[in-house]
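These protein sequence lines map, in sequence, to chains A and B. Under my numbering, think of the first position of the first sequence as 1, with each following residue one higher. Under my numbering, think of the first position of the second sequence as 192, with each following residue one higher.
The hints are simulated quantities; they were obtained by calculation from the structure and are not laboratory data. Bear in mind the structure is a predicted one, so any value in this text is a computation, not a measurement. Quick reminder that beta carbons are idealized off the backbone N, C-alpha and C, glycines included. Be aware that a few hints might be false.
[Stated by the list, open to error] Where chain A lies over chain B, by a calculated footprint (3+ residues, C-beta under 8 Å): (1) 235-246; (2) 317-326; (3) 382-394.
[Unchecked claim] In silico BS3-like cross-links for lysine-lysine, where the CA-CA straight-line distance does not exceed 27 Å: (4) A:K176 / A:K86; (5) B:K208 / B:K498; (6) B:K361 / A:K34; (7) B:K498 / A:K57; (8) A:K34 / B:K449; (9) A:K57 / B:K464; (10) A:K42 / B:K361; (11) A:K14 / A:K99; (12) A:K34 / B:K498; (13) A:K99 / A:K153; (14) A:K109 / A:K176; (15) A:K34 / B:K464.
[What the hints assert, rightly or not] Some chain B residues flagged as far from chain A (calculated, every beta-carbon gap over 10 Å): (16) V254; (17) Q358; (18) M367; (19) E478.
Okay, here's what each chain looks like letter by letter:
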Amino acid sequence: MASYSTNEFRGGLKVLLDGDPCIILENEFVKPGKGQAFNRVKLRNLMTNRQWERTFKSGESLEAADVIDQEMEYLYTDGEFWHFMKTDGSFEQFPADAKAVGDALKWLKEQDVYTVTLYNGAPLTVTPPNFVELEVVDTDPGMKGDTAQGGTKPATLSTGAVVNVPLFITIGEVLKVDTRSGEYVSRVKSS
Amino acid sequence: MTDSVQWQPSASLAALKSRAQQLAWVRGFFAQRDVMEVETPVLGQHGVTDVNIDSISANPAPVGPGAAGGWLQTSPEYHMKRLLAAGSGPIYQVARVFRDGEFGRRHNPEFSLLEWYRPGFTDTDLMAEVSDLVCGWLGCEPPITMRYRDAFLRFAGVDPFLASDSQLLKCCQQWMQPAQLQVCTRGDCLDLLMSGAVEPALAEVGPVFITGYPESQAALARVSERDGLRQAHRFELYVEGVELCNGYWELTDPDEQKRRFAADNRARRSAGKPEMPADQAFLASLEAGMPDCSGVALGLDRLLMLKLELDNLSGVIAFPADRS
Numbered sequence: 001m002a003s004y005s006t007n008e009f010r011g012g013l014k015v016l017l018d019g020d021p022c023i024i025l026e027n028e029f030v031k032p033g034k035g036q037a038f039n040r041v042k043l044r045n046l047m048t049n050r051q052w053e054r055t056f057k058s059g060e061s062l063e064a065a066d067v068i069d070q071e072m073e074y075l076y077t078d079g080e081f082w083h084f085m086k087t088d089g090s091f092e093q094f095p096a097d098a099k100a101v102g103d104a105l106k107w108l109k110e111q112d113v114y115t116v117t118l119y120n121g122a123p124l125t126v127t128p129p130n131f132v133e134l135e136v137v138d139t140d141p142g143m144k145g146d147t148a149q150g151g152t153k154p155a156t157l158s159t160g161a162v163v164n165v166p167l168f169i170t171i172g173e174v175l176k177v178d179t180r181s182g183e184y185v186s187r188v189k190s191s
Numbered sequence: 192m193t194d195s196v197q198w199q200p201s202a203s204l205a206a207l208k209s210r211a212q213q214l215a216w217v218r219g220f221f222a223q224r225d226v227m228e229v230e231t232p233v234l235g236q237h238g239v240t241d242v243n244i245d246s247i248s249a250n251p252a253p254v255g256p257g258a259a260g261g262w263l264q265t266s267p268e269y270h271m272k273r274l275l276a277a278g279s280g281p282i283y284q285v286a287r288v289f290r291d292g293e294f295g296r297r298h299n300p301e302f303s304l305l306e307w308y309r310p311g312f313t314d315t316d317l318m319a320e321v322s323d324l325v326c327g328w329l330g331c332e333p334p335i336t337m338r339y340r341d342a343f344l345r346f347a348g349v350d351p352f353l354a355s356d357s358q359l360l361k362c363c364q365q366w367m368q369p370a371q372l373q374v375c376t377r378g379d380c381l382d383l384l385m386s387g388a389v390e391p392a393l394a395e396v397g398p399v400f401i402t403g404y405p406e407s408q409a410a411l412a413r414v415s416e417r418d419g420l421r422q423a424h425r426f427e428l429y430v431e432g433v434e435l436c437n438g439y440w441e442l443t444d445p446d447e448q449k450r451r452f453a454a455d456n457r458a459r460r461s462a463g464k465p466e467m468p469a470d471q472a473f474l475a476s477l478e479a480g481m482p483d484c485s486g487v488a489l490g491l492d493r494l495l496m497l498k499l500e501l502d503n504l505s506g507v508i509a510f511p512a513d514r515s
């Protein structure tokens, strides 16, 4: 496997540290006067999600982690695993466990496409697209008209996610939701 | 692809205007004090021997026998000292200098260095002048002075002169793993503690001169014994934790200078870096007699960064290395 020297460190780079795959978040070059240069690096451990701060002598290197992001279609769950399939026509399937699916669970809709991060060929994390479109399956009765007021109410979506929506939203409508903030964006015109 | 090409300057036009004002102000400062502005080569025949400073090599066509090769200068020091030996009197220069591999919030591989020399000044005399210049421009309070040793005792909890190597290594464990520390020298440990513990704490104490560096960090400063310890007459100024300048009561002894060049190259060898031949013209000027003087180099980009209350050099340099 390739390795990266400190001068190649940049946000987003995936490296192995203490045997775990990590993503580099920040890399700061520090050098006192005529002294030795160091890189103060913030990393997130992709296994534990914990943030690490480490210092390296400039010129040190870290092994690259075999971590790749793949677009995959969500197929189904058997209760233990959530099954995803590559969208490249290979029909290759990957089972992701609950830890890998994590918070993406509440946005999983069959046949939608997600980013599955593979570590040494196995799903490590599942990331939903920034925006998903989901149907409202439960909410209080709609209130027509007064859209300017800006009041909200909770609505349950088909995946089980609960989001705050404007008062005029009714059951059966399809909503666009920002998965990063978990916030309602807009109604989707029914096709 | 063309969408992602950043052709615009990273610094605002207002910052660039301040940059021009700063330069005019600096020139006015030295004109008032009868210090002569000089210009020396950006591309020289020799690079620097310092183990922690990497010169960028250039390959100009030879201009004559024995004058092949070239290096972008990391500081105008050797050339300016040759002018002093030739009898220039007090001189200053706004120099463009280059240090390979240095890039970050407070580093750019090419930067503007204000360097000046004062025959007859001690390090203390020159610190007073640095204070006049920096505080005159920034409007800050005059710096306090703190010994390198006291700064370490206070902020890193260790004596940089008397602690054993293993005590220093232990202090460094907060930042580095045992395997990493195995390849660290005593000097590396001191530098790690300086950047990890001392510098961040200096941000809280206001402008401060650090003086009395260990002999191993004397660079081109003379060394004398104080409090039973060999200390270099070297000073650095920190403003808001930003290292702004590095000055010496200059070494004038050619034999000691040769020994330091040789020691630098030994350090380069053991660090796996190429040796840099000693600049014979500079050594010859010391032989001829450089006047007793103090000299200092000050980062103008960082000075402007402080003036404009920015925290990244990209705000004061039109085109930093990543968009040059």
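A quick look at each hint next to the structure:
1. With 3 residues carrying a beta carbon less than 8 Å from a beta carbon of chain A, the region 235-246 of chain B meets the three-residue requirement, and the given coverage holds.
2. Here's how the region 317-326 of chain B fares: 0 of its residues keep a CB closer than 8 Å to some CB of chain A, so the rule of at least three is not met and the hint is violated.
3. Using a Cβ-Cβ cut-off of 8 Å, 6 residues of the region 382-394 of chain B lie near chain A, which meets the minimum of three, so the contact claim holds.
4. A distance of roughly 24 Å separates the Cα atoms of K176 (chain A) and K86 (chain A); the hinted pair therefore holds under the 27 Å criterion.
5. For the given pair, K208 (chain B) sits about 13 Å from K498 (chain B) by alpha-carbon distance, which is consistent with the 27 Å threshold.
6. Pair hint K361 (chain B) plus K34 (chain A) holds up; C-alpha atoms about 23 Å apart against a cutoff of 27 Å.
7. With a C-alpha separation of about 31 Å, the suggested pair K498 (chain B) and K57 (chain A) falls outside the 27 Å cut-off, and the hint is violated.
8. With a CA separation close to 19 Å, the supplied pair K34 (chain A) and K449 (chain B) stays within the 27 Å bound.
9. Of the pairs offered as hints, the one joining K57 (chain A) and K464 (chain B) holds, with about 15 Å between alpha carbons and a cut-off of 27 Å not exceeded.
10. Using a Cα cut-off of 27 Å, the hinted pair K42 (chain A) and K361 (chain B) holds, with the two alpha carbons roughly 22 Å apart.
11. Distance check on the hinted pair: K14 (chain A) and K99 (chain A) sit about 19 Å apart at the alpha-carbon level, within 27 Å; holds.
12. Annotation: proposed proximity of K34 (chain A) to K498 (chain B) holds, straight-line Cα distance about 24 Å (limit 27 Å).
13. Pair hint K99 (chain A) plus K153 (chain A) does not hold up; C-alpha atoms about 30 Å apart against a cutoff of 27 Å.
14. For the suggested pair K109 (chain A) and K176 (chain A), the alpha carbons sit about 13 Å apart, so the restraint of at most 27 Å is met.
15. Proposed proximity of K34 (chain A) and K464 (chain B) is supported: the alpha carbons are some 16 Å apart, at most 27 Å.
16. With a least CB separation of 31 Å from chain A, V254 (chain B) remains clear of the 10 Å interface cut-off, as annotated.
17. At the 10 Å boundary, the C-beta of Q358 (chain B) stays outside the reach of chain A, the nearest C-beta of that chain being 19 Å off.
18. Chain A draws M367 (chain B) into its interface by the beta-carbon criterion, the shortest separation being 5 Å against a cut-off of 10 Å.
19. At the 10 Å boundary, the C-beta of E478 (chain B) stays outside the reach of chain A, the nearest C-beta of that chain being 25 Å off.
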